[in-house]
Amino acid sequence: MALDSKIPKGPLKDKWTDYKNHIDLVNPANKRNIDVIVVGTGLAGGSASATLAELGYNVKAFAYQDSPRRAHSIAAQGGINAAKNYQGDGDSFYRLFYDTVKGGDYRSREANVYRLAEVSANIIDQCVAQGVPFARDYGGLLDNRSFGGVLVSRTFYAKGQTGQQLLLGAYSAMNRQIARGKIEMFNRHEMLDVVKVDGKARGIIARNLVTGEIERHSAHAVVIATGGYGNVYFLSTNAMGSNATAAWKIHKKGAFFANPCYTQIHPTCIPRSGDYQSKLTLMSESLRNDGRIWVPKNLDDVKAIKEGRKKPTDLSENERDYYLERRYPAFGNLVPRDVASRAAKERCDAGYGVNATGEAVYLDFASAITRYGTEKAKIQNISNPSEAKIYELGQAIVEAKYGNLFQMYNKIVDEDPYKTPMMIYPAVHYTMGGVWVDYNLMTTVEGLYCLGEANFSDHGANRLGASALMQGLSDGYFVLPYTIGDYLSNDIRTGKIPTDTKEFEQAEKEVTARIDFFVNNKGQHSVDYYHKKLGKIMWEKCGMSRNEKGLIEAMAEIKALREDFWKNVTVPGISNEMNPELEKAGRVADFLELGELFAKDALDRNESCGGHFREESIELDGLQKGEAKRNDKDFAYVAAWEYKGEPANAVLHKEELEFNDIELKQRSYK
Amino acid sequence: MNLTLKVWRQKNASDKGKMVDYQVTEISEHMSFLEMMDVLNEQIINKGDEPVAFDHDCREGICGMCSMYINGEAHGPDRGVTTCQLHMRMFKDGDTITIEPFRAAAFPVIKDLVVDRSSFERIQQSGGYISVNTSGNTQDANAIPVSKEAADKAMDAATCIGCGACVATCKNSSAMLFVGAKVSQYALLPQGQVEATDRVLNMVAQMDAEGFGNCTNTGACEVECPKGISLENIARMNTEFMKASLKG
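Just so you know, the protein sequences line up as chains A and B, in that order. When we follow this note's numbering, the leftmost residue of the first sequence carries the number 44, and every step to the right adds one. When we follow this note's numbering, the leftmost residue of the second sequence carries the number 85, and every step to the right adds one.
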């Protein structure tokens, strides 16, 4: 089967407008007869549910939590980009498009990203009208800030809780439609399979997580918006329940899975402190605006710090290695996420990590505090201020900027980051790969759509800050509601889809068999035992740096682990009531397959790209010596995998990426 | 650390439930409370028994899912945190810790420590939104200026994570801090004015219908709120309610 991206013809800037002018529409009276299932109710799924219901479709929305308000979109801190050019600093659709494609290391689809930039401005208008309390300046207008990788101020924010506020906006829009009866909400439900009738997605099998009941739900189209698969690593910044099950189930039913090896590793997370750890906590990237990153120059000092004989503050300036400033003098501590992450790992691998596990570098605010304090003392006309006075004045300014983050760090690590440098380490954050979709956001299965982090299309191999929220809301509020109409216009005479057919019966049988297996298998290892083992393989061999040998090993190890899982896993409890271990078992079973495809994709992509450093693909000389080497000649494509029974047998389909409006260039931060 | 845990076990909504004692060993002071619960559960599973069910998800203090009542306090002894942000360094070796679900008539127990907070959902559906068409044809976001002070106050109210600690800790099981926060957010913004009267009347009516008690100004909710939502929001809701009642 050939991949057809369905990108409209014509100039880039007119594609979306022309497309909207020519698609088929559904008469409002007919929309009432059409059902749409939306799985996942974060930013993408929540906004899609609300808008589809607004348009008149009957929406059935599914969430595994007790409320859409708890989706992990809520944890996004920094902000959301939009090309409004309110600041008059030269922003435009084209610039936002350009920054996003470049930030993604030229591995995203041009037409999708341009459309994203185009609708970004609508998102802000929409959310303000919904009552999202974005930050304002003293004139009452919206405030903006700047984020990594760009030269304009286009990031809109609501304190450090932008994701929360945008999600609550989408959730309130959903609530309005639930009240009107246009959305039927299924909280504490998990989708366990998709049902296809005559090649089209026509429903799902879901489990009621409270009663354990297996339910059949039908619709004219199914939308998957279930987020990313970062938890394949066990430890990540994702919520504990974030999973790939819906995305993986549709992959097994014919939806191609694109670029599974692309994940974003975020550089500023709180390091792991022991084996019991359940997740990693992200600290906003904005900290790098003022923090300086370093490790000791001498291994003796590293040893002394680890043994508690020395404190980081005992080391003088020339005993410290500010390695980002040393390697990247132009950008210093503000290099993009992928570069900062790799550089930290490189130092720790060389033995310079400063905590007990050897996986931490310092993020130091001492010089910022002194700098701000000195400035403040000048403003206040304090002559010859004491060091303590300067520190006090500087601390107040740093506190105003990052106070909530410092407090969060203090709560978790029990150290005062105003007095001693923070410790940070990269962690798995956002997944750039996902279900392959065309320009309409439709997968390779007819009538089956995929939005937000769960799809692959807009971020390329890396993601700039403040662009994930933008994609989720753009897909849900402004793109899908148009594109799905074009498809559903052929369904106005179909009528209700019955659930008592052989297709539903077959899918339900498979789901039930799997659940029965888990609760009856009397093995000796818990689900977490396997999840942690998988995570270790993934991090060590499919993490920030990869090589051919490691990836081949990873594929074999994951396969062996999966076989052991199906023999020896144990799931206590019964199937027909709430059973969190049973939920986890199904999710980990899917991760054990996805992990292998991840390794296969990484093995196939013999180039360094975005956050993914392929050890065989490195710049050998010149200014970029030692840096990641992208290979456009051989790899400027999307790798879309077709399921063939075992992950190792998946078949590769290539969507060649064409860049007509942007020149493919080396990214340099020297 | 070695600890004795007294945990509420209840098979399902109709089961009577009881406290069960567990011993856990080798607990690190760096663990979060939920990681300690993971250790307990791993131990229970290895013995072939059913682990303790508890709600949790983001584990960074923002989703509002975790809901334990620890040693008689919602989210435990630390101030301004959710259970996932509570650390074991708040406890001592040899401590006995009592762990119960949030208790309120409007929050029935589903299993062990998991309660049903869908009453909060229904309150929001009764009017906790602004009726704007979500198809993107809204006016420019800067068309209506909002004073910084109003925006900041609305943001403070909107910070509520809907965890229910306010209800769990209130002797009357009142939901007025939660509802007050939601009403306040919209009452402070120009966009929320048109429906203000219906909103507050409907939300308060729904709150009562769900079986939440009344506020008697004890202030325990504010003390236990992990996000520092202030009592000022209850006062603002009462004002809005008075205004709306007079109009209505």
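These are calculated hints, taken from the structure and not from any lab test. Among the clues, some could well be false.
DMTMM-like mimics (lysine to aspartate or glutamate), calculated; alpha carbons at most 20 Å apart, straight line [said to hold, decoys possible]:
id, chain 1, residue 1, chain 2, residue 2
1, B, 176, A, 67
2, A, 668, A, 658
3, B, 95, A, 256
4, A, 127, B, 184
5, A, 49, A, 67
Partner residues are not named here, just some residues of chain B that face chain A (Cβ under 8 Å, in silico) [unchecked claim]:
id, residue
6, 194
7, 219
8, 220
9, 231
10, 270
Covered by chain A, per the in silico footprint, the following chain B stretches (three or more residues, Cβ under 8 Å) [claimed, not checked]:
id, segment
11, 85-95
12, 117-123
13, 161-173
14, 184-193
15, 238-251
Every residue, glycine too, gets a C-beta built ideally from N, C-alpha and C.
Results for each hint:
| no. | hint | in the structure |
| --- | --- | --- |
| 1 | B/176 with A/67 | violated, 67 Å |
| 2 | A/668 with A/658 | holds, 13 Å |
| 3 | B/95 with A/256 | holds, 17 Å |
| 4 | A/127 with B/184 | violated, 50 Å |
| 5 | A/49 with A/67 | holds, 15 Å |
| 6 | 194 | holds, 6 Å |
| 7 | 219 | holds, 6 Å |
| 8 | 220 | holds, 4 Å |
| 9 | 231 | holds, 5 Å |
| 10 | 270 | holds, 6 Å |
| 11 | 85-95 | violated (count 1) |
| 12 | 117-123 | holds (count 4) |
| 13 | 161-173 | holds (count 5) |
| 14 | 184-193 | violated (count 0) |
| 15 | 238-251 | holds (count 6) |
Hints 1, 4, 11 and 14, counting from the list given before, are not met by this structure.
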